[in-house]
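A.B. asks: All chains should be modelled from the sequences, with the hints used to inform the complete structure.
Number of protein chains: 2
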Amino acid sequence: MKKFINRVDDVLAEALDGFDAAHADIVRVHRDPTFVTRAASTRTGKVALISGGGSGHEPMHAGLVGMGMLDAACPGQVFTSPTSDQMLAAAQAVESGAGVLFIVKNYEGDVMNFEMAAEMHEGRHATVLTNDDVAVEDSLYTTGRRGVAGTVVVEKMVGAAAETGADLDALQALGQKVNGRTRSMGVALTSCTVPAAGKPTFELPESDIEMGVGIHGEPGRRRVKLMPADALAEEMIGAIAGDLRAPAGAEVLLLVNGFGGTPAMELYLMHGAARRQLEAKGLTVTRSLVGNYCTSLDMAGCSLTVTALDDELRGLWDAPVHTAALRW
Amino acid sequence: MKKFINRVDDVLAEALDGFDAAHADIVRVHRDPTFVTRAASTRTGKVALISGGGSGHEPMHAGLVGMGMLDAACPGQVFTSPTSDQMLAAAQAVESGAGVLFIVKNYEGDVMNFEMAAEMHEGRHATVLTNDDVAVEDSLYTTGRRGVAGTVVVEKMVGAAAETGADLDALQALGQKVNGRTRSMGVALTSCTVPAAGKPTFELPESDIEMGVGIHGEPGRRRVKLMPADALAEEMIGAIAGDLRAPAGAEVLLLVNGFGGTPAMELYLMHGAARRQLEAKGLTVTRSLVGNYCTSLDMAGCSLTVTALDDELRGLWDAPVHTAALRW
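Quick mapping for you: the protein sequence lines, in order, are chains Z and R. In terms of this note's numbering, the first sequence is numbered consecutively and its last residue is 328. In terms of this note's numbering, the second sequence is numbered consecutively and its last residue is 656.
FYI, nobody ran anything at the bench for these hints, they're computed from the structure. What you are looking at is a predicted structure, and each value in this text was computed from that prediction instead of being measured. Be aware that a few hints might be false.
[Said to hold, decoys possible] Here are the simulated DSS-like cross-link-like pairs (lysine-lysine), alpha carbons at most 30 angstroms apart as the crow flies:
#1 Z:Lys177 to Z:Lys46
#2 R:Lys609 to Z:Lys3
#3 R:Lys330 to Z:Lys2
#4 Z:Lys225 to R:Lys330
[Stated by the list, open to error] Label-pair distances were calculated between CB atoms; the ranges are:
#5 R:Ala525 to Z:Lys281: 33 to 39 angstroms
#6 R:Glu465 to Z:Asp25: 36 to 42 angstroms
#7 Z:Glu115 to R:Ser535: 41 to 47 angstroms
#8 Z:Val8 to R:Thr372: 53 to 59 angstroms
Ideal Cβ positions, reconstructed from N, Cα and C, are used throughout, including at glycine.
C.D. replies: In structure tokens:
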């Protein structure tokens with residue numbers, strides 16, 4: 001295993017130290033328990049948005065804390081749910097009188113721990129569960145569809161609405177709306193390597209790829225031979241668009257998300273390929289995001305996410321944001 | 329070779345198509361010859377900044393075109409200098425009466441072609457050569473030190489000054505000043521794979537790393553066994569700081585640059601490690617940038633860049649920027 005680390009047990013703590021130091025103007029990393037908040041306090045009367053999940057998906061979620069997105073994030077150990085203690089401490093730190101909205105990716109550990117934290121938290125709270133991955137119905141770590149890179153879109157749009165003073169019920173409904181209009185699917189060219197394991201999570205022969213892979217390296221739909229980018233995009237967009245069922249002429253956002261080991265040149269090439277597939281189905285891409293947003297450590301691969309826009313969602317996407325990973 | 333591509337010959341053109349579509353609000357990709365400009369025309373009386381070089385280093389340079397940085401970039405084929413035709417066409421497209429400043433990384437092909445373009449260009453022009461890599465004195469593709477990730481710092485600071493109306497001579501002097509106060513060094517954990525070659529550029533056994541690697545996979549100082557992050561940072565910052573010779577108490581910018589295949593978690597961990605080394609030498613890190621900015625295709629590895637700041641350079645770094653890859 002070749003990684004920039006000192007001791008395996010210290011990876012998360014040391015990475016968070018570096019993150020804290022690099023972005024002291026935007027975030028604050030808290031310890032015992034571990035959570036990340038904005039450097040500035042949550043404005044009184046603003047609903048506090050909190051997300052979290054296993055580490056290894058950076059910049060999700062700590063890199064999405066800041067003006068226009070999250071108020072706090074709870075990073076668990078690598079590919080392991082954060083504890084309810086972390087979530088409760090985060091909620092208590094950022095709650096400012098208007099309640100807390102938890103945005104949770106659909107994995108059993110995360111769902112269970114966020115439920116426990118919500119029960120322990122005495123203030124008003126609600127939850128939005130994301131489950132945008134169309135690859136498989138059930139998976140290694142979850143019942144029902146997995147929440148993946150579409151969560152970035154949910155956090156961006158709900159975050160923008162929270163800044164304008166929307167209340168807890170409205171934000172929960174908005175989060176459910178965005179999730180309901182969002183679909184994703186991923187493909188792995190290589191495995192990832194969890195530091196504590198020291199070896200690749202799964203074996204993938206030099207000629208094969210994992211179509212529909214999960215963001216922890218969980219199995220996808222099928223293992224196939226490497227295909228040209230256009231064929232990959234055709235299969236992935238076919239699955240996404242077939243499930244999304246947006247009417248011809250609909251306007252969509254396209255997120256091409258790298259899994260950590262794939263360079264920008266290939267992601268942009270995939271963006272072009274995916275866009276052509278969407279256009280062939282009569283959909284118009286009016287907003288794009290290309291880069292590493294919901295990663296799987298050092299996995300080579302990418303996911304495609306499509307969100308059906310309307311005037312409300314387009315406006316929320318375009319609203320200003322200032323986080324470590326997303327700024328405009 | 330596992331990559332998101334269709335045909336090897338089309339990689340660059342298709343990646344640029346995707347880049348163009350994803351960032352139509354910021355850039356415009358031109359063809360025959362190929363170059364990238366801002367979507368908006370260069371303001372009359374503003375010096376036009378142009379850079380370029382082989383592709384495979386994305387987002388450098390096309391992702392650094394936009395308000396506050398470059399006016400145009402010329403992408404060559406992968407790891408191959410752009411032609412003087414590309415540079416000349418870019419210069420003619422963005423020249424607006426105040427002259428053109430070429431920012432060129434020190435590689436023989438780039439230097440030669442930019443010189444030819446400068447001779448053919450009839451307007452006023454000047455050049456800044458970057459050579460921030462302290463790893464080796466001469467290398468596979470150049471005489472003298474290589475220009476690497478420090479070029480991002482030069483382009484950011486000179487770009488900010490150009491927006492305020494600084495003239496050609498002042499910008500050239502500023503670029504030379506920034507380059508003179510900037511040092512970098514890289515390390516490779518793996519090779520990269522050039523699409524047209526179809527196999528890794530060099531062989532690196534599972535236990536070894538290339539200390540001082542170049543951004544095309546050129547040899548560095550020495551091949552050593554994998555070390556902990558702290559030991560890597562100690563050697564790299566030792567070489568950088570020993571060469572930079574900033575006085576104790578000096579204020580510095582620290583850029584931790586990923587080579588394309590290294591995830592954010594490891595880069596942030598390296599940021600913490602490098603920062604500790606700088607602080608032990610009495611230097612204070614007041615500005616940071618962590619991410620993939622000057623890459624080597626899919627290479628796992630990173631480089632560290634340190635720039636000695638003063639009030640002028642800190643202000644130019646903080647000035648607003650709006651490009652595909654850098655925004656604040």
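A.B. asks: Does each hint hold? Answer for all of them.
C.D. replies: A quick look at each hint next to the structure:
1. Z:Lys177 to Z:Lys46: 20 angstroms, holds
2. R:Lys609 to Z:Lys3: OK: lysine 609 of chain R and lysine 3 of chain Z at ~25 angstroms, within 30 angstroms.
3. R:Lys330 to Z:Lys2: 19 angstroms, holds
4. Z:Lys225 to R:Lys330: 10 angstroms, holds
5. R:Ala525 to Z:Lys281: 33 to 39 angstroms: 36 angstroms, holds
6. R:Glu465 to Z:Asp25: 36 to 42 angstroms: Given range 36 to 42 angstroms: holds, Cβ gap about 38 angstroms.
7. Z:Glu115 to R:Ser535: 41 to 47 angstroms: 45 angstroms, holds
8. Z:Val8 to R:Thr372: 53 to 59 angstroms: Holds: the Cβ-Cβ distance is about 58 angstroms, inside 53 to 59 angstroms.
Of the hints listed earlier, there is not a single one the structure fails to meet.
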